[in-house]
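Residue numbers (the working numbering), protein chains in the order written: chain A, 179 to 852; chain B, 179 to 852.
Pairs involving identical chains hold if they fit within one copy or between any two copies, as the list cannot separate such chains.
Here are the computed lysine to any residue pairs in the SDA-like style, where the Cα-Cα straight-line distance is at most 25 Å:
(1) K296 / A698
(2) K694 / G799
(3) K704 / P789
(4) K779 / G799
(5) K704 / H786
(6) K665 / E738
(7) K704 / G799
(8) K704 / D781
(9) K281 / A246
(10) K704 / T297
(11) K430 / Y308
(12) K694 / V300
(13) K694 / Y287
Keep in mind the hints are simulated off the structure, nothing from the lab.
Protein chains: 2
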Amino acid sequence: MKRRSNTAAAAFLLGATLVSAQTFHRLGGCPTLGCVFPPDQTDFLSGQLFDIRLEVHAPINGSEAHNAGVPDEKFTFCIQNGSKGECKNATQFFGVKEPALEKWTFSYYEDLFARDAKTPAVVNVASKAYRALSLTKPGDYVAKLKYNNVSQTVAHWTVRQPATTRKAKNVLFFIGDGMTQPMITAARLIAHKSINGRYQSLMQMDQMDNLGHQMTHSLDSFITDSANSATALYTGKKSSVNALNVYADSSKNSFDDPKVETIAELFRRRIGGPIGIVSTAYIADATPAALCAHTRDRNQYAAVVYEYLNSANGWNTSLPWPTSCEGPDVIFGGGAEQFIAGPGSPNGTDYYKAFADKGYNVIWNNTALQAVGTSKKTLGIFSVSNMAKWIDRHVLTDNLKGQKNSPNGDGTDALDQPGLKDMTLKAIDILQARATSGNGKGNNKGWFMMSEAASIDKMMHVLDYDRALGELLELDDTIRASIEHLKKIGEYENTLIVITADHGHGFDVFGGADTKYLAAQTDERKKRDAIGVYESSGLSGYTVAEGSLPTNDTIVFGSEGPNFPVQWNPRYAYAAGFGANPDHRESYTLNQNGPRVPATKGDDGTMHVNPTDHTDGFNVGGTLDGTQGQGVHSLQDVSVFANGPGSEAFRGVYNSIDIFFKIADALALGNAKN
Amino acid sequence: MKRRSNTAAAAFLLGATLVSAQTFHRLGGCPTLGCVFPPDQTDFLSGQLFDIRLEVHAPINGSEAHNAGVPDEKFTFCIQNGSKGECKNATQFFGVKEPALEKWTFSYYEDLFARDAKTPAVVNVASKAYRALSLTKPGDYVAKLKYNNVSQTVAHWTVRQPATTRKAKNVLFFIGDGMTQPMITAARLIAHKSINGRYQSLMQMDQMDNLGHQMTHSLDSFITDSANSATALYTGKKSSVNALNVYADSSKNSFDDPKVETIAELFRRRIGGPIGIVSTAYIADATPAALCAHTRDRNQYAAVVYEYLNSANGWNTSLPWPTSCEGPDVIFGGGAEQFIAGPGSPNGTDYYKAFADKGYNVIWNNTALQAVGTSKKTLGIFSVSNMAKWIDRHVLTDNLKGQKNSPNGDGTDALDQPGLKDMTLKAIDILQARATSGNGKGNNKGWFMMSEAASIDKMMHVLDYDRALGELLELDDTIRASIEHLKKIGEYENTLIVITADHGHGFDVFGGADTKYLAAQTDERKKRDAIGVYESSGLSGYTVAEGSLPTNDTIVFGSEGPNFPVQWNPRYAYAAGFGANPDHRESYTLNQNGPRVPATKGDDGTMHVNPTDHTDGFNVGGTLDGTQGQGVHSLQDVSVFANGPGSEAFRGVYNSIDIFFKIADALALGNAKN
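Chain A on its own, in the form it takes in the complex:
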């Protein structure tokens, strides 16, 4: 892990007072006034496509004010292979034309005092971008931006030695969005029966062959969002919050930032097999989007859907990015608002029709999902917005009513939604059929699928622990069923299965709560007496029928089988919490009427306790600023579980970007001969 050190940075800056060095960045990845993207410490897969963006900054004011705000337009940029070679001008090195000079201005706040005082620092920028390049020769490279006569920014790049032998035919990549080991532990507690401290069954994740940890931090902040982290997992590049497969430059345009090629694009380009995207989120959400889309702004939902079907340049169609997902063979999820003609869809058009016009089967419910053939590309959009949660689909089904979220946009309820398992198993069948038939290029060189349990994260955000754990258990059930299904169709031994998360939430169970006692107390502080810790945490109330004994003779299973709780709302509930949360109220009971809303906007315009949430609970003061009505992501390393060919590589502790390289190596995607 020890890397080359940059000893050549601008000396004159070192003495400057940088009140904002560690937060409120002028631009992430660019601590000096000269910026190179991809930045220092970037690794590439051999042949992976990427853009280069150079920026030279001249702040007009603030602690870094420089040259009266006039940036050096005569900066130069060269690249050298190895530590001793000649540093060749980039145009010569890559055999491309000199790009046009671009100029713009942006502003930012150096710190919170400046924000309060409304005194932004204004920065003028001179920039160039080189598009759609690649490096194929493994080894170290040095890229140097020289500017302001005396300054240079040096980026050390490495093209990793690629695997030459392909180990895995198929890749099934599961993401439990926001899923941490404390959540897996809690899910095990409520779903798997334990007798005298010994579990009688285990999570499927517990039983995987290989275990690892990955570090989720971002390029320029130690907490990530799902766009940023998915970019790391799919491209092997750390980026910035909200960025999808681009480095965030300082320009306003969300579609001109420097791109990097994703695992899905590489799979299409180098192997040509079918790819699938499955998520319980709206399908333009960050984690599914990041397989195909390239934009600095994850909220460009219409563009994301456009990029699934068309080029990966979004609304900036003049750029020469040559690869795309070429229309994934399977797209299953929610998010009908990007397909129903209207404000959310690309150019306001009927985007179901756009997909159908390109030969897709288009389906809207589980009945159709089960019935649909496996030969054609298939778009399954099963609801407006995020799909319904496992608990609401299986336990509290009345909550599906009145949502007016039918994917066809007719204002009825999406009552017949599939679960993650339904979608994933069908996706396997379609991918497998298309991999072995003419329609899917038929080279039988395998398939690639990402399947996301999106609402682990979404329900943890709203402190709806039960729903989050329901989603986690559904993911585990899906993994179990997928393994069985792959065995049945003879592809298990050919398939690398990887399960991980993109980031965490600081959730943990710390005790038990007697919910009956809690509700019966009228005093806020006395309610907290219902919380039992250590020996008073008790045993799991979720795995036994109410009133029964925790012995073997009382093993019963709920209607959903042995891997789910027998009851979801026991008197003795687990008590859990977060490292950070908005103002809210806790009673540790199941939210009966659908996903929780812990905080709502008060008269002062900031977020306070939702007066209708857990009304019999006690108040818990928040630790976040008043704009946050939900919990937030956290720092902790997340687990990686893997089975199948190439899975041994997933053992141990590593960076999130390594997941990309490990999968790429299992597929030998970096082998130029491939």
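Since the structure of chain A is provided, determine the placement of chain B on it from the hints.
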């Protein structure tokens, strides 16, 4: 993991209303009125010693009232080897005499309402205990307690097939008390420099060859304490909170509960090599105590120290427990109050003298530690109570003054305390010398050491995140140095190194805090605006000198070297929290005057915000009952890292009890021929 199910439990109980089934147990491990310890689902190492305790309960009142409170004294107990053999009376099976009948009464509250109403359930007990037995033949056993004519309690026991080949000569077992992966991630963030999302160095734990997870839950509650969890790690048996190497029976006597043999006792008995105990806690604390002591009450500190040196029966010296630690070769830690003649020491005597009388070198400071010879057994007690924290020994050294904690009891300050690294390296040298010389039996068959970073847990309890992470970094530094030292003395290839925790705390980092801005605000709610999340979390302020840029040219190290922060109190600090906490105040600044005290007792007798703690911070309301002035343990699985012979076995996900069996197998301790 699928185990045999008990289909024969008392049918008449199943219909009873058991308001307390999941919490406020009558007796952990005994959901029916007949109790067998070791309970159902127990695994044994071949030849491991254990006691059996049988209890038949007759509650006088409450929901389980039975036979007017008269327990069946004519219960029978038989054991059968395999599923089909004859169930032989225990006296016949083990070739022992019938134990005397014991009788007692205890009471408990069925739930919190009963506690508030002061209406305990009273239970009369008839009991017998069989002492110091063992099972050597691998396979399944069934133990049956028959009582009340129609009832029986069945315990399925398994003697695991032991390893026949010894892989490891030495075992170095590190415990980071309370250490979770989120803490390791946070420690990495503050101590290891990252550039553009790539760490330039890593924790030693990150670099270990094998990674696993272990489940820490207890026998009868899903949250454990350190006594209970250490019992699992050292004996392979889940037990109850506060119990040290015994199953908790219902009698008042803390020294009559059924014992199980520990890894340290087994190492002494079967191999005869030297053993060492090192901890930064007072040495009678649960985690060190659990290597040698046997008592239901971890607070019997004097007895623990007595048991180190003498028999393992504590104050119940009539019991026939035949093994003990035989006086560990090395005991290093704090806790002078158990050695200075007075109320804390065994029988009020000078226990330094008791150790010296048995041939120990006795030392009291780091100077003496460095100077002491390696041939004799050595007792090093370096402070009253817990030892000083890393931050106070290295950064805020003035905090060592005025403590009046000198281990010699003269009321001066213990200024010359060693750290975990000092103690561990010296312990290795003593154990190695004694393993190869006549004094330590000299069979060169290796040594066993447990080294504990105790104050990760203690500082997390008091929400002193910085001190906790300092202790964690000291542990990591100790592991690194131990590996180097073992290589130097030629024992690295012979030594199994295992690092794990005994339980967690629900700690995680969720963002950054501008501590300057926070302190400058006067409004409670406005102070929370200082918390930055996602992109505003920023980069680590701990790895760079204040005001410098996060580039390679600014790599500097603090005085403690590359594996510790450059500064501990940066303007931009990490913001962290817990799933559960007492009322307290947060400002995210380093506690300058020593370990934090977040809450103190208010006028109402319960715990409230400490008015002198983080006075410039904002209030965070608690989520625990008013008796809790500290944070509490949590559920999450904890990491296991392992190197050396036998370490491959530590991969994957398993129960805490498996750690015992994995270490025992690496040493072939279960091999009867050993």
